[in-house]
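Colleague: Sequence:
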Amino acid sequence: MSSEGASTVFGRREFDRFVLEAVDEVLMNVFGSKSVKVVYDSLDRRMGLKRQDIPSRIEDFCAGIEILLGSNNSVLDRLMLKRLCSKLQLNYDQSSKTSFLDCVQLLRRRFGESEVIT
Numbered sequence: 004m005s006s007e008g009a010s011t012v013f014g015r016r017e018f019d020r021f022v023l024e025a026v027d028e029v030l031m032n033v034f035g036s037k038s039v040k041v042v043y044d045s046l047d048r049r050m051g052l053k054r055q056d057i058p059s060r061i062e063d064f065c066a067g068i069e070i071l072l073g074s075n076n077s078v079l080d081r082l083m084l085k086r087l088c089s090k091l092q093l094n095y096d097q098s099s100k101t102s103f104l105d106c107v108q109l110l111r112r113r114f115g116e117s118e119v120i121t
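In our numbering, the protein residues as written are 4 to 121.
Honestly, I wouldn't trust all of these hints.
Restraint-style ranges between C-beta atoms, simulated for each label pair [what the hints assert, rightly or not]:
1. S36 - R111: 25 to 31 Å
2. M50 - S98: 30 to 36 Å
3. G35 - Q55: 16 to 22 Å
4. K53 - E17: 16 to 22 Å
5. G14 - K37: 29 to 35 Å
6. S89 - R16: 15 to 21 Å
7. D44 - S98: 32 to 38 Å
8. D63 - R20: 17 to 23 Å
9. M50 - S77: 18 to 24 Å
10. R15 - S89: 28 to 34 Å
By construction, these hints were calculated from the structure, which means they are not laboratory data. Beta carbons are placed, not taken as given, at the ideal position from N, Cα and C, and that holds for glycine.
Produce the complete structure using the sequences and hints provided.
Modeller: Structure representation (structure tokens):
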């Protein structure tokens, strides 16, 4: 993940929207709408995690997905990371070992609570 060649400005709310969109789009593409509802319902029942809270509770989301999918979550993780990088206009490095969770946490630390990402 690198920001080479990209200059993007957005706030925390928009960043959270990008995270949620990446999650929604990948889950929908992989599982379809009925199964996505089951995934979100399971996360809510097991962890009290509502869909709209995923960006602010990203650790819980990733832990919940791992519980639901077991070791099969690595493909989903890569797809969500690739989609988020695309939305943020960042280059996605397929050889990187950075997880989706690490990427979201890194971007939050790197840019803090500021309103600008460049």
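Colleague: Which hint numbers does the structure go against, in order from smallest to largest?
Modeller: 10
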